[in-house]
Amino acid sequence: MRLRARARIRAIRAALKGIRPLPPRISAQKDGSVWGRRAKRRKGLAFSDFVFGAVIAFLFAPLLVLLIYSFNASKGGSFTGFSLQWYEKLFMDSGDLWKAFANSVVIALTSALGATVLGSLAAVGTSRYGFWYRGYVKTMSFIPMILPEIIVGVSLLVFFSFVQLKLGLVTVWIAHTTFNIPFVYLLVSARLEEFDSSVIEAARDLGANEMQTLLKVILPMSLPGIASGFLTAVTLSLEDFVITFFVSGPGSTTLPLFIYSAIRFGVSPVINALSVVMVAGTVLLVYPLRNFLKAFAAR
Amino acid sequence: MKRNYGSIYAAPQSIWLTLFFAAPLLIIVAYSFMKRDIYGGVLPQFSLDAYKSIANPTLLTVAWRTLWVSALATVLTILIALPCGYSIARSGNQAMRLFLVIVPFWTNFLLRIYAWIAILGNEGFINDALRFLGLTTEPVRFLYNQGSVTLVLVYMYLPYAILPLFSTIDKFDFTLLEAARDLGATRMQALRKILLPNIKAGLVTAVLFTFIPIFGAYAVPLLVGGKDSYMLGNIIADQVSKTRNWPLASSLSMGVTVLTGIAAILFTLRGRRPTPRVLDESGLGPVGATAGIPSGGQA
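These protein sequence lines are chains A and B, in that order. Numbering-wise (our numbering), the first sequence opens with residue 290 and increments by one. Numbering-wise (our numbering), the second sequence opens with residue 3 and increments by one.
There may be inaccurate statements among the hints.
Stated by the list, open to error - Straight-line Cα separation of at most 20 Å, EDC-like style, residue types lysine to aspartate or glutamate; simulated pairs:
# : chain 1 : residue 1 : chain 2 : residue 2
1 : A       : Lys364    : B       : Glu125
2 : A       : Lys364    : B       : Asp130
3 : A       : Lys505    : A       : Glu490
For the record, the hints were derived by calculation from the structure and aren't laboratory data.
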C-alpha cells in the first residue's frame with residue numbers, strides 16, 4: 290500500500306516537471322493509450338519467459354505423442370516402424386465414426402442456427418429497450434455459462450424423462466441449443482453495445498418502421514457479432530461431451546461420444562490418426578476464417 | 003410514439019430458457035426433496051432422505067476429495083499461468099504467443115485426455131522410453147490415481163487461467179514497476195505489492211474459470227482416475243444412470259449448484275462481468291468474441 294502511494298507521489302512530481310503523469314490505475318487507460326505501453330517491451334529473457342517456454346512444451350507434448358503414434362506400424366506399445374495404415378483405416382474402414390461425425394455436424398449447425406436466432410433477437414431486445422423481465426433475461430443468459438456442465442446435463446435428462454421425451458437426436462438438439470444461447474446472446478450484445486445507437490434513432494426518425502429498422506440497420510450492423518456467435522456455437526456444439534452424454538439415446542451418437550467409447554473400450558490407433566486429422570483440419574479451417582472475420586468486423 | 007418491442011424480441015429466448023433450463027433445475031430441486039422409487043424415478047412424497055444420505059462417510063470423503071483436488075489443481079494452474087500471462091503481456095509478439103497457447107485447445111477435449119493416456123499409460127510413451135533405456139522392466143503405473151487426475155485437470159484448464167490473466171496484465175502500467183524499483187523495492191516486492199493488487203480482477207476471473215469447471219469435472223476423473231480419485235461429478239452421474247437414485251443425484255447437484263452460486267455471487271460483488279476480451283481469441287471461451295475481433299490488432 291505504502292509503496293503504491295509513493296509511486297503516485299512520484300508521478301505527481303514528474304507531472305510538475307512538465308512530464309505527463311502516469312495513470313495509476315488500470316481504469317485510467319482502458320483504451321490502451323500510449324502510456325504504460327512505453328515501458329512494456331523488454332529486451333532479453335526473464336524467468337517468466339522460461340515458464341512460458343515450459344508451458345508451451347507441456348501444452349504441445351501430448352499432441353506430438355499422438356502424431357508420432359499415429360504413424361506407428363504396430364497396434365500398441367512401442368514404436369516399431371513407419372506406417373500409414375491407421376490413416377487408411379480411418380478414411381476407408383470407419384463407417385460408425387463417420388456416421389457419428391455426420392450427426393455431430395448436423396447437430397452443430399442446427400443448434401447453432403436455433404441459438405443464433407433466439408440469442409440475437411433477445412440481445413436486440415435487451416440492448417435497446419427496458420421492459421419488465423429484462424433482468425430475468427440477463428440472469429438466465431448468464432447462469433448456464435457458469436454452471437458446471439454435469440448439472441445442466443443431469444437436469445435435462447431428468448426433465449426429458451419427466452416429460453417423457455425419448456432420448457435421441459431431438460433431445461441432443463434441444464440441449465445444445467440451450468447451452469449455446471447464452472454465448473450467442475453475449476457476443477451479439479457486446480456488438481450492439483459497440484455501435485452508435487443514434488443511427489437507429491435516425492432510421493426511425495426518417496420513417497422506417499420496426500421491421501425495416503431491424504432488417505436494414507440493426508441486422509447488417511450486428512452481423513459480425515451474429516457471425517461470431519454462430520461460429521462459437523458450432524464449435525461448442527462439436528466439442529461437447531458431458532451434456533451430450535446424458536441426453537443422447539440410441540442412434541444419436543456424436544463424434545465426442547464415439548471417441549469416448551473408443552477410449553473406454555479398447556483404444557484403437559485410428560483415434561491417433563483422427564486426432565492428427567482433426568487438429569490439422571481445425572488449424573487449416575479456423576485460421577483463414579478468423580482473418581476473414583477480422584477483416585469483416587473492421588469494415 | 004415509439005412502441006416498446008423489447009419484450010417481444012426477448013420472449014422466444016426467455017421461453018426457451020425457462021422451459022429447458024429453469025424448469026429442469028426446478029425439477030431437480032423438487033426431486034431432491036422426494037423419496038426414491040425402487041425402479042428409478044421418484045415417489046411424490048416429501049422426504050429429506052436424500053439430504054440425510056449425503057452425510058454418509060463415503061460421500062463425504064468424495065466431497066472432501068473433490069474440494070481438495072479442485073483447490074490444488076486451481077492453485078497449481080494459477081501459479082503456472084501467472085508468469086505465463088506476464089510473459090505474454092510483456093512480449094513483443096503477443097499475437098504469436100497467444101496463438102501458441104490456444105492451438106492445442108483446438109483439439110477435441112476427449113482427444114486431449116486420450117493423449118495423456120498415450121503418454122502415461124502402461125504401454126505409453128514414458129514407460130516405453132523407460133524400458134528402452136533399460137531403467138525399468140515392469141511398467142510404472144502413472145495413471146488412475148489422484149496425481150494423474152490433477153495433472154490432466156491442470157493441463158485442461160491452463161488456458162482458461164492464462165487468457166484472463168494475460169488480458170489484465172496487458173492493461174497494467176509497467177512503469178509503476180519501475181517506479182517501485184526506483185523507490186527501493188526489490189523485484190519480488192514490486193511484483194507482489196504493485197502488480198498483484200492491480201490484477202486482482204483477472205486473478206478472480208482466472209480462479210473461477212478454473213475452479214468451477216474442475217469442481218464439476220466428470221470426464222477427466224472417469225478416464226484417467228481410479229476408484230480412489232472419483233469426484234462428485236462421477237458420483238452424480240452414477241446415481242443418475244447406474245444406481246438410479248434420482249433424489250440423491252438431485253441433492254448432490256443442488257450442493258454443487260449452491261457452491262457455484264456462491265462463486266457467482268463473489269463475482270457480482272466484485273462488480274465485474276467475467277468477460278475477459280481475449281478469451282475469444284481462442285474459440286474456447288467464446289466470451290467476448292465481438293469485442294475481441296475488432297481489438298485483434300491491439301493484441
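Checked hints:
For the given pair, A/Lys364 sits about 11 Å from B/Glu125 by alpha-carbon distance, which is consistent with the 20 Å threshold. Taking the CA atoms of A/Lys364 and B/Asp130, the gap is about 14 Å. The hint holds against a cut of 20 Å. At most 20 Å may separate the alpha-carbon atoms for a hinted pair to count; A/Lys505 and A/Glu490 meet this at roughly 13 Å.
Every hint from the earlier list agrees with this structure, and none is contradicted.
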